[in-house]
Each structure stands twice: as structure tokens, then as C-alpha cells.
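Trainee: Spelled out, the chains give:
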Amino acid sequence: MFLKILYHLFVFLALFGSLMVVVSKKAIYSALFLILTMLTIASLFVLMNAQLAAALQVIVYAGAIMVLFLFVIMLLNLGKQAPLSRRSRPVRWLGLLFGVGIGAQIIAVIYSGFIPPAETTAAASVTIDHVARLILTDYLYPFEMISVLLLVAVIGAVVLARRHLVQGVETVTETAEKAGK
Amino acid sequence: MEYMIPGNLVVAVMIFAIGAIGIMWRRDAITIFMCIELMFNAANLGFITLAQSLGKPEGVAVFLFVITIAAAEAAVGLALFIKIFDDRENIEAEKLDLLKR
Amino acid sequence: MLIDFIKGLAVTFKHIWKKPVTFNYPEVKRPQPAFYRGRHRLQRYSNGLERCVACALCAAVCPPEAIYLEAEENDPKRPVGAGERYARLYQIHQIRCIWCGFCEEACPEDAIVMGPIFEMANYKRSDFVCNKEQMLDAPDKGFGEPIVLKVNQPL
Amino acid sequence: MSRLLIENIIFAVKIVVIFGAVLTAVPFMVLLERVLIARIQQRVGPNRVGLDFIPGLGFLKGKFIIGGILQAFIDGAKLFLKEEVRVRAVDPVLWRIAPLITLVPAIMILAIVPFGPPIGLNIFGDWYKIPLAITDLEVGILFYLAVTGVAVYGIVLAGYSSNSKYSLIGGIRSSAQMISYEIALSLSLVGVLLIAGSFSLSRLIGIQSEGVWNWNIWKQPIGAALFLIAGFAESNRLPFDLPEGESELGAGFHTEYSSMKFAMFFMAEYMNMFSYSAILTTLFLGGFYGPIPLPASVYAMIDQPIFGIVSGVGSAVIGVFWFSVKVFLLVCLFVWIRGTLPRFRYDQLMDLGWKVMLPAALVNMVVTAAVIALVAKPISAAPTPDGPALTIALLVAGVVQVVAIDRILTARKRRILGHAH
Amino acid sequence: MNGFLIVLIPALPLAAFLINGLFGRWLGRLGGWIAVACMGGSAAISIPLFIRAMWGGFTPFNVTLWRWMSNGAIDITIGFRVDQLTCLMLLYVTCVSFMVFLYSMGYMAGDPGFNRFFSFLGLFDFSMLVLVLGDSLPVVFIGWEGVGLCSYLLIGYYMDLPGAPDAGKKAFIVNRIGDFGFLVGMMMLFAALGTLDIQKIILAAEQGAAGVGPLAYGGAFVTVVTLALFLGCTGKSAQIPLFTWLPDAMAGPTPVSALIHAATMVTAGVYLVVRMSGLFVLAPATMTVIAGVAAATAFVAGSIALTQQDIKKVLAYSTVSQLGFMFLACGVGAFGAGIFHVFTHSFFKACLFLGAGSVIHAAHAQDLDHLGGLRKYMPVTAWTFCIACASIAGLPLLAGFVSKDEILWSVFASGAPGSMLLWIIAVITALMTAVYSFRAYFMTFEGTGRLSHDKQHHAHESPWTMTVPLVLLAFGAIVAGALNLPGVFGEGTWRGVNNLLEPVLEPARKVAEAHAHEMHSPSLELALMALSGVIAIAGVALAYRYTLAKWPEGARRLAKRFRLLYKISLYRWWWDDFYMKYVAGGTWGLAKLATWFDRWVIDGIMHGIAGAASLGSRFIRALQNGQAQAYVLIFLLGANIVIGLIIWFK
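Chains as they are written, first to last, in the numbering used here: chain A, 1 to 181; chain B, 1 to 101; chain C, 1 to 155; chain D, 1 to 421; chain E, 1 to 650.
Bear in mind the hints are in silico, worked out from the structure with no lab data behind them. Every value quoted in this text rests on a predicted model; they were computed, and no experiment measured them. Treat the hints with care, since some could be wrong.
[To be verified] Going by beta-carbon spacing under 10 Å, a handful of chain E positions derived as facing chain B:
no., residue
1, 627
2, 628
3, 629
4, 630
5, 632
6, 633
7, 636
8, 639
The beta-carbon is built from N, C-alpha and C at its ideal position, and this holds for glycine as well.
Using the sequences provided together with the hints, build the complete structure.
Mentor: Pasting the structure below:
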């Protein structure tokens with residue numbers, strides 16, 4: 001009973017948060033509501049006993065990605081945004097239409113029995129052990145590719161940031177290094 | 001547990017739809033980016049729900065991949081935004097239409 | 001590099017066991033050196049007469065013009081000061097004063113000196129105007145004989 | 001009374017007791033810091049409001065700490081009673097919740113810290129085994145990482161919402177610093193996790209149970225050092241207190257805060273210090289186990305049920321004692337380092353995080369994994385300490401790494417400074 | 001013999017590599033001694049292993065180290081296979097390597113890159129031992145690539161000399177071409193069998209011999225696979241057409257030449273063919289190709305060696321020629337004879353290279369025209385060189401005689417298509433072998449000294465670290481033949497290597513017997529043996545006549561009389577020029593053609609299409625307004641339609 005109330009609270013918070021992401025005027029509020037949504041989704045994971053997923057969701061999304069977002073918002077000092085121009089209005093309303101449409105369609109798919117019914121008797125719980133074995137055996141190549149992707153992303157980010165440095169100031173250490181040489 | 005499976009999936013779909021609509025409703029690129037993250041999250045919720053209910057670790061594995069991709073995307077995307085901001089003092093998606101030319 | 005770090009830690013660790021170098025202030029006060037330029041004092045001769053002759057050199061030399069004095073003729077029968085005149089009113093504005101010590105230098109009679117007192121906090125601005133009575137030494141703290149000036153003699 | 005209800009009540013009591021104990025400890029940590037810093041700087045330290053205010057204890061006046069022991073409470077009272085000043089330009093909502101977001105994660109970490117071995121309690125004829133930790137999660141370490149990851153938002157939001165340049169710079173610095181050191185923090189723990197083969201804190205303590213030689217610090221010297229340094233960075237303690245940076249930023253992110261809200265930031269900093277010490281103790285310093293294990297017969301004797309109500313009190317007391325001693329010493333270490341090192345420059349901070357700590361953590365991870373694979377330790381189900389072979393191998397690997405890092409850092413320093421000296 | 005010791009065999013050279021590579025700067029000469037000790041340790045493990053395999057009870061076994069990667073169909077473990085063939089290979093690889101290490105202590109003394117050299121040597125030996133020990137093709141391939149890399153590093157060791165880096169690159173690139181063949185063969189095998197484990201492949205091959213499975217006898221698939229694998233072997237073992245790297249590789253230090261080109265790397269190809277013999281015999285076409293290529297290589301390289309001026313070049317072409325012999329034996333199905341020639345060859349060729357190195361070390365000259373009469377200065381080198389020459393020339397009863405005669409006999413007796421032609425070529429090559437090897441010996445050590453005065457003054461015997469390996473190797477060059485006396489002396493104990501390899505070669509033998517031709521009589525074998533002895537002696541006599549007795553007028557007249565042949569030999573059959581002009585130049589011309597084609601044909605089509613598209617896109621351009629949001633909108637529309645269709649058709 002208690003869990004059920006909690007569950008509905010989290011569901012409400014998740015939907016509310018995601019709605020506010022779209023509706024909020026200031027970027028920073030959007031970001032904060034996004035964090036709220038992510039945390040409630042993590043809570044939903046906990047309710048489903050997926051502790052690993054919950055922890056990773058918080059660590060990676062809330063702990064790293066969203067901090068980056070906040071960092072950029074603060075760096076760019078984004079305030080309230082102006083309304084869309086006249087030209088974009090049809091896009092906006094059509095987007096609403098199609099968005100609602102796709103949501104309705106997928107929900108229809110869910111209830112039309114595409115998804116296999118859950119095994120009501122305690123399905124074999126998914127532990128870290130299982131996931132680790134799976135990733136390092138069957139999903140080894142995706143795993144390696146993801147690693148390479150991360151590496152590429154890191155290099156890309158460094159390159160993007162680096163050119164900025166070369167044109168502008170150099171760090172104190174670099175200056176000192178040059179002086180040392 | 002049982003009430004969670006269709007419930008979570010429906011929630012996931014709704015969040016997904018909200019994210020998709022948000023992409024078209026918002027003006028600055030960074031919020032659009034956040035809406036994409038929202039859609040990622042919705043997908044994650046679906047994956048984990050199915051993984052837990054069917055007892056299949058594959059869902060969690062895919063969840064891990066999604067998270068990693070999101071992280072990579074955030075790093076590069078935000079770096080790009082900073083560069084764009086340096087270049088033209090705003091990051092409004094409407095004005096980023098160089099692809100047209 | 002790590003050794004340097006450990007050395008630094010060792011230095012601070014040693015300092016933990018050393019005696020504090022600070023004073024437990026209100027109870028224990030740090031002795032001031034003789035040349036400390038604290039609040040002004042007005043000195044006397046050993047016979048109890050004030051040294052100040054109200055020449056106003058101090059007021060003239062004072063850079064922020066913090067000294068104000070009014071002179072008065074000495075009554076020879078009951079002299080207050082040793083000279084022809086004495087300061088009826090002698091005020092130093094301590095908020096204005098910059099503690100430069102020029103008054104001390106300028107005084108021909110060694111009447112004004114700066115003392116060791118440094119606790120001068122007050123609650124009202126008006127209390128910072130220091131009067132002669134606050135600055136004068138006690139009558140028995142005087143030293144030296146007054147030089148007898150001609151102008152002081154009855155003609 | 002159903003068993004479930006009683007267990008929940010025990011749970012609630014544990015939360016209250018632990019939370020209360022740690023919150024009470026915070027003022028004393030402030031006092032400890034002030035006294036210790038004073039001693040390092042050869043000052044007397046707080047000695048005004050002491051026990052001598054209590055009638056009959058006047059003779060204590062001016063004595064060492066005793067004289068200032070109430071300072072902690074007086075400080076608290078001052079902060080609570082002060083007038084709160086709110087600048088009109090702040091973003092009110094964010095400005096109000098920022099201190100809360102800072103404080104709550106600092107407290108949440110306590111939920112997974114094991115303070116001592118479990119005790120048994122007899123309630124209405126049933127024996128309950130009560131572990132002296134609020135909960136023992138399967139993913140305890142991940143929980144810890146998640147909570148520390150969230151903690152940054154308080155500071156960032158405080159910086160942003162204050163609508164002041166200094167605060168904003170403090171917030172930006174904080175977020176960059178957190179991102180940089182979070183990775184090293186997480187990676188520094190991987191070695192320990194590999195050794196334990198689990199995320200669970202109880203298991204991590206279990207493998208360190210038999211004496212000082214089983215403590216993880218011998219197996220993971222680099223991991224422990226990196227965790228400590230990253231802990232300094234994450235809790236904004238002195239060599240890394242750039243978000244506050246009094247001399248350049250006023251007070252950084254909390255420039256515009258006063259009174260109770262400032263007190264929350266203040267408390268959060270000390271709570272963080274406490275939690276880091278506690279986690280470090282648990283992961284690397286044997287947790288609540290003493291350096292030399294007592295013989296089993298002694299435990300059997302002191303753990304006997306008392307009045308048929310509680311059992312295991314003896315070992316619990318010993319455990320809490322050792323835990324407290326270790327945490328106390330680590331807090332002293334925090335203060336000691338604060339008293340020793342000057343603040344980093346910003347580029348040095350980034351340099352250290354990305355170019356020293358991250359590679360060192362990665363190398364440590366790989367080396368640890370390789371050593372474990374070579375010594376071929378099967379992951380056993382029961383949490384038992386490993387044989388000395390693994391410890392010695394990892395210790396050797398760790399020492400080699402320490403020397404290598406030292407040489408590399410020295411060479412770097414020489415290269416940066418030139419060969420002037 | 002447990003797994004730990006087996007792992008130690010490659011691990012010790014690896015340790016030598018790590019120690020010298022990481023701490024060499026501080027260890028100095030001690031690092032070299034450590035490397036020698038490591039290699040000695042490997043040899044000390046290998047020798048008893050071989051003795052047990054040869055005379056004691058020995059069953060092949062596997063050592064599985066760890067699972068490398070496991071993903072769906074791919075399941076690769078890092079593991080070692082120790083069988084009779086491996087034992088034999090281990091024996092001479094480790095022994096010769098040990099000699100070379102020891103020798104290098106003297107030869108490289110005082111070189112600025114001393115420890116770098118030893119670390120490379122260690123890595124090289126590690127790779128070679130992995131190659132030999134690997135139980136599956138990927139592991140073998142690791143070693144295969146490892147020796148390729150190390151040969152690049154070692155050949156280009158004198159990186160400040162003009163030719164060395166280029167020679168290193170050449171070796172590397174030419175090897176890559178061969179490796180490509182190896183990779184292709186490996187992938188084809190994997191695609192067909194789903195495994196790369198050598199034993200499983202051989203098992204599948206045995207089924208193939210019975211006409212079952214993808215590896216059916218004489219099928220196109222098995223032919224292509226074996227040809228691809230053989231392409232790898234031609235690269236690594238310097239066969240036509242990929243042999244040009246080997247002579248250039250003489251730019252490396254001489255011990256490297258001894259190690260790489262005598263005993264280890266170049267024999268990898270032969271080893272692979274023998275290891276996969278069960279597979280190769282299934283493709284008679286491939287066997288014919290191998291035999292043909294090998295005979296051509298032997299002949300071409302032997303003829304080139306006749307006229308080379310550089311002592312190391314002579315030895316290099318001699319190596320290529322001898323490798324041709326080995327492949328010739330494999331090509332006619334006599335794998336045992338081939339591997340035995342590898343074995344004996346490693347001793348006398350290592351001895352020759354090390355002797356040449358000793359000469360270079362002492363005389364600082366390597367041009368035969370400037371050497372001569374060195375025997376009185378360096379008697380040990382001279383005698384060992386002489387013994388090795390006699391062995392390679394095939395003077396009766398020496399190791400080289402035994403193994404080469406075995407090959408000749410196998411070729412003669414195989415009855416394979418064109419075997420008589422092959423045999424004649426082989427005999428001529430054997431004659432040439434005797435001539436060029438003794439030409440090198442006579443011109444270096446006998447006759448009048450042609451050294452300049454100051455160099456002659458400095459000529460001296462080498463230090464003990466260099467002479468001891470020479471003596472040991474010369475000893476090997478004499479007695480190694482005793483391990484496998486010709487079959488005519490009976491099939492007993494002394495036919496050791498053939499008996500030893502019997503279990504390994506059994507699948508191949510079964511196939512061969514199933515398709516057997518007639519056998520020849522022992523008396524014929526004896527006769528041929530006598531013939532090859534005579535040929536060898538004749539070769540020596542020829543060499544004596546033209547390099548000592550009638551030097552230099554006789555040689556000059558000979559060159560003038562066979563002007564064309566002389567030119568062919570001297571200019572190395574214009575192989576390198578051919579490659580330069582037609583392969584490199586052809587590529588260039590092809591590129592020009594492609595440029596023209598690209599510019600006028602492709603671009604023309606492109607421009608046409610583009611024009612059409614730009615006309616057509618006038619209408620579509622309205623959709624492409626450059627706004628990401630509009631694109632997302634269209635994407636959403638598409639998703640709507642797709643899901644709608646799914647629901648509709650459900």
C-alpha cells in the first residue's frame with residue numbers, strides 16, 4: 001500500500017517534471033526539472049528493485065551530464081528566451097499533434113498485446129553479476145564500440161575547446177612551460 | 001509489481017512524447033538538447049521495466065549503452081554549443097540554419 | 001614531490017606542540033615598546049606645573065589638524081603651567097589623528113608625547129575628542145625644573 | 001506487535017540516533033578544527049565561552065580546550081539568531097532551496113555507513129539482530145557516489161541564484177571541480193571493489209576484519225590517497241576551496257547568504273568531512289575493526305547477553321570506539337592538511353584532476369586488476385580476508401606506482417619551472 | 001613437464017624485453033647478461049623437453065592460459081599446444097637464439113643502443129615462441145605479427161644509417177602483403193569451420209580427406225584457403241614473389257640477420273605449412289604451386305648468390321635458396337624432410353651469419369673483393385665458417401648433406417607432376433649452393449689478403465662471447481644430421497625426426513598414401529646419395545678453381561663467356577627493378593588513369609545527376625529549411641506512419 005502510494009507519487013513527479021522541462025521559461029529551470037525527472041525515474045527503478053540502474057542513473061545523468069548542462073547554462077548566462085517567431089508556429093502546433101499522436105499510438109501498441117506478459121511469479125532477479133557477464137560476453141563488441149565512442153567524444157570535446165584556447169589566452173602552466181624551455 | 005509494468009511503460013511513452021513535443025516547442029538549442037535527454041530517459045525507463053519484469057539482464061545492458069551514448073553526446077554537444085555561442089552570441093535553434101546552405 | 005609534501009606536513013605537525021606566541025589579550029597585555037605612538041600624554045614638571053606653554057606649534061604642524069587649543073595667560077600667583085601662557089583648552093580629535101607623531105617632534109617644551117595606551121574604543125563619536133584632563137599626567141609624575149624665562153619675571 | 005512493525009520502529013530509532021549523534025558532533029568538529037588550526041598557527045584558539053560559565057567550574061577558566069568548549073554551541077546560537085538578509089535580485093526559489101540541496105546529501109551518506117558490528121536485542125521474547133548501520137545496500141558504494149554527485153547542485157544553484165558575480169564564479173568553479181574530481185573519485189574505488197568483488201559496504205568491511213594487515217590501505221595505497229584527495233576536492237576543503245576562495249571571491253557561492261541558510265552550508269561542509277572520513281575508514285582503514293583482533297574467547301565473554309535483553313554489547317562498544325577513533329584521526333588529518341597547504345590556483349586544480357589523478361586512477365585500476373588476475377583469487381561467497389600473497393603483491397604494485405608518480409610529478413615540476421634551481 | 005614451465009619459455013624472453021626496455025638505461029651491460037640468462041633459461045627448459053619427446057615417453061598436451069574473447073560464435077582462448085613438432089621447433093629456436101644473444105654480448109658491446117637492441121631481441125624471441133607454441137591460428141597470428149614488427153625494429157636498428165629504416169619498412173610492408181593472405185585464409189577457415197583451433201581444423205581436414213565437410217579433398221575452397229595461407233608463408237619465408245625484402249634486411253646488425261634469417265622468423269612459413277600439413281595435402285593444386293614456387297625460388301636465389309659481392313648478401317640469397325628447398329620438400333609432401341632441413345639449416349646458417357659478423361667485427365669490411373686471407377688472423381672463425389660452408393654445400397655426412405639429400409630423394413621419389421623437372425632444378429641448385437658457399441669461404445679466409453693496410457693491422461680474433469657460439473653452432477652443423485639419417489639406413493632409432501613427427505604428420509601421410517604413386521628402391525636412393533655427394537664436391541672444386549686457383553683472371557673470363565647469365569645473376573634477375581617499375585610504377589599509372597576516369601567520366605555523370613537533382617529539388621527544397629526542429633517534425637510524422645501501419649496490419 002505504502003509502496004503503491006510512493007509509486008503514484010513518483011509517477012506524478014516524473015510527468016510533472018518532464019512537462020515543466022518543456023514549459024519553463026528559463027533554461028535553468030528546465031534543467032532543474034529535468035534533474036527532478038531523472039531522480040524520480042531513478043526512484044522508480046528502486047521500486048522495481050533495479051538498484052544498479054538507479055545508482056547509475058543518478059551518478060551519470062544527475063551527477064555528470066546535468067552538471068555539465070548547468071555549467072554551460074551558467075557559462076552562457078542564458079536568461080528567459082524569446083517566443084518563437086511567426087514562421088515556426090506551424091512547426092510547433094504540428095509537433096504537438098504528432099507528439100500526442102505517437103504517444104497514443106505506442107500506448108495502443110502496449111495495450112494491444114505486443115509486449116509479452118510479465119511472469120508474475122518472481123521473475124529471475126537481474127543482478128549486477130548477470131549484467132556484467134552479459135556485457136563482457138555477448139555484448140562485448142557493442143561494449144568496446146561504446147568505449148571507442150566515448151574516447152572519440154572526449155577527443156572531440158577537447159578539440160572543440162582547444163581551438164578556443166589557442167586563439168585566446170593560454171593557461172598559466174603553458175606560459176610557464178614555455179618560459180621553462 | 002504487476003501494476004508497474006504497463007504503468008511504467010505508459011509513463012515512459014508519455015515522457016517520450018513530451019520530450020518530442022518539447023523539441024518543437026522550445027527555442028534555445030540547450031533546452032532542445034534537454035528534451036532529447038528526456039526522451040533517452042523515457043527509453044531507459046522502458047528498458048529497465050521490461051528487464052526487471054521479464055528477468056532479462058539485456059535491458060540493463062542496453063540501459064548502460066544508452067547512458068554512455070548520452071554522456072558522449074552531452075560532452076560533444078555542449079562543447080559545440082559553447083563554440084556556437086562564441087561565434088554568434090546566441091544558441092537559438094531557429095537561427096542555426098547553416099545546413100540549408 | 002611527495003617528500004616535499006610530507007616535509008610541509010611535518011613542519012605544521014611540529015608547530016602543534018610549540019607554545020602559542022599570542023597573548024591572552026584582555027587578561028594579558030602585550031608590553032608596548034617605549035617608542036610606541038599611542039594616545040597622547042601631556043607632561044608636567046616635577047613641581048607639578050604643566051609643561052605646555054600653549055605655543056600652538058603642535059596644532060600648526062598637525063597634518064590632519066586634529067589638535068585644537070586655546071591659550072590663556074598664566075596667573076603668576078597660581079600658575080597652571082610653567083610658561084607665560086598655558087592651554088586653557090587642549091583637545092585632540094582621535095578619529096582625525098593619524099598618529100604621525102609630528103606634534104611630539106614639534107613641541108619645544110617636551111610637553112606632548114605619545115604614550116603606550118592603545119585601547120581607545122568608545123561608543124560615541126563625541127567621546128573620541130580627548131580633553132586635556134584625560135591626557136594630563138598625574139601631578140607627581142613630573143620631571144625636570146622649569147626654565148625661568150625672562151618674560152615671566154615682573155618687570 | 002508484528003515483527004515487521006518492530007523492525008520498522010528499530011529502523012526509525014536508528015535513524016534518529018545516528019542523525020542526532022552526528023549532528024551533535026558537527027559543532028564539536030568545528031571546535032576541533034578551530035583549536036587544531038590555532039595550535040598549528042601557534043595561537044591559543046577559542047577559550048572564551050567554556051565550562052567556567054557553569055557555576056562551580058570557574059577554576060577551569062583559561063584552561064586549554066575546556067575554556068572554549070561551549071564555543072561550538074554559542075556559534076550555532078549566533079547563526080540561528082542572526083537576522084537574515086536577502087538581496088532583492090536573487091532568484092527566490094532557487095536561493096531558498098540551494099542550502100537544503102547542499103545539506104541533505106551530506107546527511108544521506110550516513111545512511112550506509114556501518115558504525116559497528118550488529119547487536120542483538122530481545123523485544124517481547126524475540127531476538128532481533130540490529131546492524132549498527134541504517135541500511136546495507138547491495139550497491140552501497142554506488143549509492144555513495146550517486147549522493148556525492150547530487151551534492152554539487154546546492155553549491156551551483158547557490159552560486160547561480162545569488163545573482164552576484166562572485167557567487168556565479170564560485171558556482172561555475174564548483175561544478176567544473178566536481179565533474180573533474182568525481183571521475184577520479186569513482187575510479188579510485190574500483191580497486192577496492194575488485195578486491196572485495198562486491199559493492200556492499202558490509203562485505204568491504206568483512207574482508208578487513210582480521211587485524212591491521214588486512215586493511216585495504218595496504219592493498220590500495222594509491223586508491224586510498226586518490227580517494228582522500230578527491231574527497232578534499234568534493235567537500236571543498238582547503239587546498240581545493242576554490243568555490244569559496246575568500247581572498248578572491250569574497251566567500252564564493254555563499255557570499256549572499258547569512259544566518260540559518262549560511263549555517264546550512266557550514267554544517268554541510270562539516271557533515272561532508274565526517275562522511276568522507278567515515279567512508280574512507282570503512283573502505284580502507286578496516287571500518288569498525290580494531291588494528292589487532294581480540295581472541296574469540298574474549299568476544300564470547302563480552303558479547304554475552306546482558307539481563308537477557310541485549311547481546312553483543314561488548315564488541316559493539318569496541319567497534320564504535322575504533323570507528324570513532326579512526327574518524328577522529330581522519331578529521332584531524334583534514335584539518336592538518338588545511339593548516340599546511342595553500343589553496344590551488346585554478347589551472348593547477350584542473351591540471352591535478354585531469355592530468356595526474358585521472359591517469360593515476362586508471363593505471364591503478366588496471367594494475368590492480370592485473371595483480372588480482374595473476375594471483376588468481378577466486379571470489380568467494382563468504383566475506384573472508386585474503387591471504388598475504390595478494391596483500392604483498394598489491395602493496396608492491398602500489399609502492400611502485402607511488403614511486404613512479406613521484407618521479408613523474410617531480411619531472412613535471414622541473415620541466416614547468418625550468419632548471420632554474 | 002607442467003604448464004608453468006611451458007609458459008616460462010616465452011615469458012623469459014618477454015621478461016628480457018621488459019627489463020631491458022624499461023630499466024635498460026640503469027642496467028647497462030648487466031641488462032644484456034640478464035637477457036642472455038633469460039634466453040638460456042628458455043633453452044634449458046626446451047632441451048629436456050625435446051629429449052623427452054625424442055626418446056622418452058611423451059604425449060602432446062595443451063596449456064590453456066586464459067580466455068581472450070568470447071562473443072557469440074567467436075571464442076578465442078590464449079593457449080599453447082605442445083607436441084612433437086613444437087618440441088623440435090622450441091629446441092632450435094631457443095638454442096640458436098641463446099647463441100645469438102651470447103654472441104650479441106660481444107658484437108654489440110659499446111653500441112649506444114645496447115639495451116634497446118636486447119629488448120627488441122627479447123620481444124622478437126617472445127613473439128617467435130608464441131608463434132611456435134600457439135594452439136590456434138589467432139595466437140599464431142599474434143606471434144606472426146610480432147616477429148614482423150620486431151623484424152622491422154631490428155632491421156631498422158641502425159636508424160641513422162641511410163638504408164636501414166627503408167629496409168625495415170620494406171620488410172614490414174612486404175610482410176604485410178603476405179599477412180593479408182594469412183588473414184584471408186584464417187577468416188575463410190573461420191567462416192567455414194567456426195573455429196580457429198588448429199587441432200580442430202586438422203580434425204576437420206581429416207574429415208575432408210574422406211570427402212566430408214567443407215574441406216573436401218581437392219575442392220576449390222580448400223585450394224583457395226591453402227593458397228591464401230601460402231601467400232602468408234611466401235611473405236614471411238621470403239619466397240617468390242615476396243622475397244626481395246630479405247636481402248635488403250641485411251642492413252640490420254649481423255646477429256639480427258643470424259636470428260631472423262637463419263633460425264627463426266623466415267622458418268615460420270615452413271612451420272605453418274608443416275603445422276597445417278593435414279590441410280595442405282588436401283589441395284594438390286596448392287602443393288604443386290608450392291613446389292613450383294619453391295623450386296623457382298631456390299634456383300633464382302642460388303643463382304643470384306653466385307655473384308654477390310657482399311658477404312652478407314651471399315648469405316641472404318643463400319637463405320632464400322635454402323628456404324626454397326624447405327618449401328620444395330613440403331610441396332612434394334615430405335614435410336618431415338622440410339622441417340628437418342629447417343632444423344639443420346638453422347645451425348649452419350646461424351653459424352655462417354655469426355661468422356660473417358665476426359669477420360665484419362674484426363675487419364670492418366664485408367665486400368668479398370676486399371677480404372681474403374683472414375684465416376691466420378681469426379682461426380676459430382675461419383674453421384667454424386668452413387665447417388658451416390661444408391655443411392650447407394652438402395659435403396657428405398655433415399648435417400646439411402643429410403637433410404638436403406633427404407629433400408632431393410623425396411622430390412625424386414614423390415612422383416608428383418613434374419617431379420623430375422623439380423629434381424633437376426634442385427640438383428643444379430645444390431651445385432650452385434656448394435659453389436657460392438665455398439666461394440664466400442675462399443674469398444674471405446683463403447688466398448691473399450686484400451684488406452687495406454690499417455684494417456689488416458686491426459684484424460684479430462673475436463672475444464669469447466662471439467667464438468663460443470660459433471664453435472657450438474659449428475658442432476651442431478656437423479652432428480645435427482645424426483638425428484635423422486636417410487631411410488636407406490633403416491627405419492630405426494636414427495631416423496629420429498621423421499619418427500618424432502610421425503604423429504603430427506599422420507593426417508597428411510594418410511592422405512598422401514591414399515593418393516600414392518610408385519615408390520623407388522633403396523639402391524636407387526643410395527645412388528642418388530652418392531650423386532649429391534659428388535655434386536657437392538664438384539661444387540667445391542669449381543669454387544676452388546675460380547676463386548683461388550685462377551683468381552681473378554679465370555673468374556673474369558668465365559664472366560665474359562657467360563655474359564648474359566652473369567648479368568642475370570649480378571643484377572638479381574631484375575626483381576627489384578621489376579617491382580619498382582611495374583608494381584610501383586603500375587600503381588602510379590593506374591592512379592593516373594583513375595584520376596582521368598574520375599575527372600571526366602565519374603564527375604561527368606555526377607554533374608549530370610547533380611543537374612537533374614538540382615532541377616528536381618526545386619520542389620523539395622521547401623522541406624529543407626535548415627531547421628532541426630522541422631526535421632524532427634518530419635521524422636515524427638514518419639514514425640507516426642510506421643507505427644500506424646503496424647497497428648493497422650496487426
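Trainee: Run every hint past the structure and note whether it holds.
Mentor: How the hints compare with the structure:
Restraint check, residue 627 of chain E versus chain B: the minimum CB separation of about 6 Å is within 10 Å; hint holds. Taking 10 Å as the C-beta contact cut-off toward chain B, the hint placing residue 628 of chain E at the interface holds, the least distance being around 6 Å. Hint on residue 629 of chain E holds. Least Cβ distance to chain B is approximately 5 Å, under the 10 Å limit. Against a cut-off of 10 Å between C-beta atoms, the interface hint on residue 630 of chain E holds, since the closest Cβ of chain B lies about 9 Å away.
For residue 632 of chain E, the interface hint holds, since its Cβ comes within 10 Å of a Cβ in chain B; the closest pair sits about 5 Å apart. Interface restraint check for residue 633 of chain E: the shortest CB-CB distance to chain B comes to about 6 Å, inside 10 Å, so the restraint holds. Checking residue 636 of chain E against chain B by beta carbon gives a least distance of about 6 Å; that is within 10 Å, so the hint holds. For the restraint placing residue 639 of chain E at the interface with chain B, the shortest Cβ-Cβ distance is roughly 9 Å, inside the 10 Å limit, so the hint holds.
Checked against the numbered hints above, the structure breaks none of them.
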